[in-house]
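Asker: Both chains are given apart, each in its own frame, so use the hints to dock them into the complex.
If you read the sequences in order, they're chains A and B. Just so we're aligned: 58 in our numbering is position 58 of the first sequence, and the numbers increase by one with no gaps anywhere. Just so we're aligned: 80 in our numbering is position 80 of the second sequence, and the numbers increase by one with no gaps anywhere.
No lab work stands behind these hints: they were computed from the structure. Just so it is clear, CB atoms sit at the ideal spot from N, CA and C, and this is done for glycine as well. All clues stand as given, with none of them false.
Using C-beta positions, here's what the derived DEER-type ranges look like:
| hint | chain 1 | residue 1 | chain 2 | residue 2 | range |
| --- | --- | --- | --- | --- | --- |
| 1 | B | T64 | A | K485 | 44 to 54 angstroms |
| 2 | B | Q76 | A | L340 | 16 to 26 angstroms |
| 3 | A | N2 | B | L46 | 48 to 58 angstroms |
| 4 | A | N113 | B | T64 | 16 to 26 angstroms |
| 5 | A | R329 | B | T55 | 27 to 37 angstroms |
| 6 | A | H16 | B | D24 | 51 to 61 angstroms |
| 7 | A | T278 | B | P94 | 56 to 66 angstroms |
| 8 | B | E72 | A | E31 | 32 to 42 angstroms |
| 9 | B | R11 | A | V102 | 29 to 39 angstroms |
| 10 | A | Q391 | B | R42 | 22 to 32 angstroms |
| 11 | B | R11 | A | E10 | 53 to 63 angstroms |
| 12 | A | E10 | B | N28 | 47 to 57 angstroms |
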Amino acid sequence: MNINELTVEELYSKIHSKEIKPSEVVGALFERIEKYDGNIKAFITLTKEQAEKTAAELDRLQAEDKMDGNMFGVPVGIKDNIVTKDILTTCASRMLHNFKPVYDATVMTKLKNENSILMGKLNMDEFAMGSTSETSYFQTTKNPWNLNCSPGGSSGGSAAAVAAGFVPYALGTDTGGSVRQPASFCGIVGMKPTYGRVSRFGLIAFASSLDQVGPMTRTVRDNAKVLELISGEDKANDMTSSNNQDTDFLTGIDKDIKGMKLALPKEFLGSDVDDEVTAAVLKAKERFESLGATVEEVEMPNLKYVVSSYYLIASSEASANLARFDGIRYGYRAENAKNLEELYKKSRGEGFGDEVKRRILLGTYVLSAGHYDDYYVKAQKLRRLVSNDVQRILTDYDLIIGPTSTTPAHKYDEVEIEGTKEYKNDILTIPANLVGVPSLSIPCGLTEDNRPIGMQLIGNHFEERKIYNAAYQFETLYNLHEELKNLTMGAE
Amino acid sequence: MEELDLKKIQRVADLSKIEIKDEDELKNLSTKIKSIVAHSERLNDLDLSDVEPMTHAIMTPENTLREDKAGEPLKQEDALKNTEFTEGGQFKVPRMI
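Just chain B, same shape as in the assembly (with noise of 0.2 angstroms):
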């Protein structure tokens, strides 16, 4: 498997959307990130081909789906309660383009 550097590791903070400081922060957060990486290497020592993949610990047999009846929404003035980021009813974020 590829080399994982810090340029690399960057790029993951970027997808993220995780400013990171400076290199000393970087390099901090990627020694760990490196070695479980490299610690989970030893799963290519398995021949897993044949096994199914597990998402789920108890797979209920059906979808289940609820009654398609209109229920209680959150109200607009507890949506807005957590942030003081507001105008007119709505989240004030800046300026997107």
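Same shape as in the complex, but just chain A (with noise of 0.2 angstroms):
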């Protein structure tokens, strides 16, 4: 048994059975983070110290059959924007280099509360800006898949983490696809919870009317389990999380889906995506009717506004929610600064790196006076667009389906930084996010040089049930499980 192949289920189960200790778990995980994360780099910090002080606790409570707790021994690793008390928090950024925060996230604390164990943080684009996880200050992740390949981003750690068997699960979050993309590329499962599911509390912000903390596995069912744990009202964001009632994802995700309606809008396989990704999603709508579902192509005729939209929306939001960086209280201060004035330029000048900067910047222009209601009130404006689409789609069917990103991973000297085309492979993940209904990314393909293609699955609000559910019954299908068991990561 490779305990690094296991998933959060068998890892739950095999540990309750008292078949294995939780710090077999945790020791069989830090060799294997200790042979390949040299290349993978998906941490930025380990606990590994405090990781075994708490298995060592488990292993007691288990002897003594007082196993609490739904993640009874299961680790976990959690994105570097996530709060985690006293354990250094960056967001991959200068700025936040020494940060440790006071507190626990109110994601972390449930998991902790479930006994999960904490493994360390992880590697994501600075701010949870950019989408390669080459934005970090820190280090660039590889695709554990193709070392010459980006994981995607901003949640690459997390990505590749799972993917290389480092850890069953982890979180991260998404504001325009931060999940999706990531799991796409690196052939996992990745969720972005309806707005509201799960708390933010902890969450350092980016955009805080898009941004969703979201559970990252190697399996449909771990990923409902996860975010049943991770759901719920919290008076810490009392505004904004949700009391929907509706948190129970596992019972009856098994169910047939005879006479589920699809919809697959045409502009989801229009013209800047990749012809294998089209080729895996139409594969895929096969593979839906072979199970009974039915899909029809729609139209989301806003669909082309859609990534401008966005970076005004999130580059407003981030000008504002960064302000608070100023040098002082926390994080990063610069040397010598004459006075105040200086200190806060100084500070954030030398703190953050230039895709921040950049979208602070525009943000702060977009914001000002005279430019207000020519992007940003357009941009809402648009929002509401999209949303009547999504809506419209969700009034006569179930779940609207497509590509994850247009492309699969793509080699790091493709990038391309000029220009927007690198902004505009997030177009098929903005619309979730603008409307704030959940959407699921799956595994439905592999290109022919080995890299994973992703399909997301969009419900309407608080209808992740039904996500898992048809998900699920895909996976029965097509899984990439076994593929995942023998990355060999430039090692071996």
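Answerer: Here it is in structure tokens:
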């Protein structure tokens, strides 16, 4: 038995039946991390000492048959923009290179209460701004399937860690596709839940009206289980955490999907989409039909405008949210500032990377006098139109399906830095964030040279249960579990 | 819409309290900003006059207020933990005036 190949559910049940001890699990995974993470570079911080201490304590409870918690002994990796008490939380930025939070994010508290064991903090694009994990101040994460390829981003470290078998599950965050696109690139399952499903308390804010924390796992069932555990109303995030009670995603996940109506927007298979991606999604369509679902082509006419709308809104919100980094109370502080104004400017100028600065400047410009109506208000109006598009489709259909990303994982030298092409890769994931609906990315194929291709399933607000049901059924026909076990990651 | 030149981007950087090292950095940052702004001009193709702006994905029907009860505030000691520049239980900054 290779511990690193086990799913969340398998680990939980083997620990529960005392077949393995939590310390054996933690030991085996750190061994694997030490062997391969030098190549992959998924982790910014490892919490080995603390994890071993927790595991020893759980070993004792296991021996005494006091195994409380739905994640008893199951290790987890957390994206480095989710605060963890007394553990370095950097947002992959020089700005927070030395920041140790004084409290835990609500999602972290919930997982600790379930007796999950934190293995470390995962790499990402700086402040979650990017889709390749290259804007990290510390390191560039590699795709476990092909070390010359990007794992995607911004939750690239989380996706790579799960695909590499370093952890059975991880948390990522998704503002414009940052859970789903890396899940797609790394051949795993990633959920962007309904806006408000999961508390954002302790998530270092990027764009508050779009951000959601989501689970990244190797199977659909694992994903549903993790989301069940992190969902729920939070008094600390009163205004925007929902009290929706339908958080049982596993009951009935295996029921058949005969008669389920799926919509495939024709714009989702437009000219920007790679041929192999289109072929994989059309194959997925056939698989859904073989399961008894119907798939019909629909229109989402405003899709071509979503990238503009998203960048204007997200950058505006970011420029306000990132104003808190002043070099005074925490984080990077520039030396030799003669006065307060200079301290702010130097600390921010030296502490933020280029992509973060760009978005702050864009957001500040968009919100400045004379431009607000031209850009920000128009972007919000477009957001309404996209919402109307999605709602219209979901009145007649159960779910929307389509590719997660226009491409499979790209080689590092293929990313176009100039212009907006790189941004356009987010076009298919952005609608779910603008509208606030849940969207799950699952593997649906491989390219000829063995790079994973992901498909997303988008449902209406709070209909994660329906998404998991369809995804689970699809997974019975196609999954990458076996392939994930055989990744060599540049060693052996 | 008006031309977004380097001077304007420098002005925005000042408003954002971000020091730009030199003209090279300014040019580097401005290339992408300009292309996103240019890309956004396509929103002008649409007649949006009757569309209500959408500020939030899910609107709660009414304002949520918590009970007016004192909670547990952050301890002074914790609040000061993340910087070495403190004095007398307060944050220390360079002179302001």
